[in-house]
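Here the structure of chain A is known, so what remains is to put chain B in place on it, guided by the hints.
Here the protein sequences line up with chains A and B, keeping their order.
Counting in this note's numbering, the first sequence runs from 57 upward without gaps.
Counting in this note's numbering, the second sequence runs from -2 upward without gaps.
No wet-lab data here; the hints were simulated from the structure.
Each residue gets a CB set at the ideal place from its N, CA and C atoms; glycine is no exception.
Using 30 angstroms as the maximum straight-line C-alpha spacing, the simulated DSSO-like pairs for lysine-lysine come out as follows: (1) B:130 to A:115; (2) B:130 to B:75; (3) B:76 to B:55; (4) B:2 to A:111; (5) B:60 to A:86; (6) A:115 to B:2; (7) B:2 to A:86; (8) B:55 to B:75; (9) B:55 to B:2; (10) B:56 to B:75; (11) B:130 to B:76; (12) B:130 to A:86; (13) A:111 to B:130; (14) A:86 to A:115; (15) A:86 to B:56; (16) A:86 to B:76; (17) B:60 to A:115; (18) B:75 to A:86; (19) A:111 to B:75; (20) B:75 to A:115; (21) A:111 to A:86; (22) A:86 to B:55; (23) B:2 to B:56.
Going by beta-carbon spacing under 8 angstroms, a handful of chain B positions derived as facing chain A: (24) 9; (25) 45; (26) 96; (27) 108; (28) 126.
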Amino acid sequence: MDFIFSPWPWYVSGPLIGLMVPVMLYIGNKPFGVSATLRSVCSMCVPINADLYRKNDWKNDIWNLVFLVGILIGGIIAGNFMNDGNPVLLGEATVERLTSMGITDFNTLLPQEIFNWDELFTLRTFIITIIGGFFVGFGARYAGGCTSGHAIMGLSLFQLASLIAVIGFFIGGLLMSYFILPTILTL
Amino acid sequence: MRYAKFLMLGISFGILLIKAEVVSWFRIQEMFLFDAFHMYGVIGSAIAVGAISIQLIKKFNLKSIEGEPIVLNPKPLKKVGNLVGGICFGFGWALTGACPAPLFAITGAGYSIMILAIIGATIGTFVYGLVEKHLPS
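Pulled out of the complex, with its shape left as it was, chain B reads as follows:
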């Protein structure tokens, strides 16, 4: 039962991803071709709501449901990794038309062939784990 809340949140997120059409390969091409505002609107307004929420959490010292102070750990800066990894990710995003969350939502929506992209992404994660030490960070 302690996981039920994560399941509910995941279901909501999956529904949102489909309803926002951000799972559409066509929408991703349109975004990279700068042909419509839609994707920028979705991501931009999501960031705005996220940023305002975090400022409110900080300002009022809000606690989690368990009553603990909310932890906001910054992601480590790794200049080469952030940029080069980001470029690799961009290649994958434009090819598959999906980033990790949409991969699962679109597979659920009945496009079962996207299981191949999930397998590819898992292999990519696995291979990164093997070569991590040898890559510049």
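Isolated chain A (complex conformation):
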């Protein structure tokens, strides 16, 4: 029963995530993707029409809102009942680098020094959660998709748009992790 509680290696979890592509096509005839659902959230919550979201658009997209709720429930199930409580086994260089940047608690999935309601009013937690989230939402729509829609679905279809977007993801991520994040963590 160990496999229920311990993390799954990439060669188990990766192919299973890849199966989302054919299963989504089979059960719903829909492309696999997640970030477009945030448009439906906007169309539900915001009384403004833009080309990207209109007031009643979400009624046609209930299926992907339900999919999103499912992801949240899956997180509740796996996070609470399928968890061995051990820290993530990280590469040594990562631990060393993050330690030098002031991160000391490696026991959970996220560093508690940052992702903690007590830190809510510190500049770095504000930047990392809210501004970080803003970039995720804004960037996904400008790029036309996220890791699911572009990296997994898009590259599975050998699309040039997705290749360019994924190269962009890595340019942005590398610049942030190497050069900008160390400064943000000192705030």
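Quick look at chain B alone, frame taken from chain A:
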């Protein structure tokens, strides 16, 4: 009931994201620092399975559960948007340690502060909708 299948698939995906540890901020830093193969293995093998599945669907003209031909619409190419939007997304991915699906899975897993990142991502989507016309595509 017509949505139950999407709920089940979402639950499976959420569980997978947690079990694969791709929701971990630490794993994302490790990926961008090229310090472990884990994330590349997960994403690479997912793409391999996705690509093979799509080739099989095309080759055998497989139908959806409703008996319809499967629709594979290509995403439009927008060179500036794909690249610049992608870079913005990368900034956000490295800051929050999560892309859109993991944001929801990790919030469910008990890291309630990530609701802030979900709100941020919704605001980001909203603002993109407002300025879309003025940005080069």
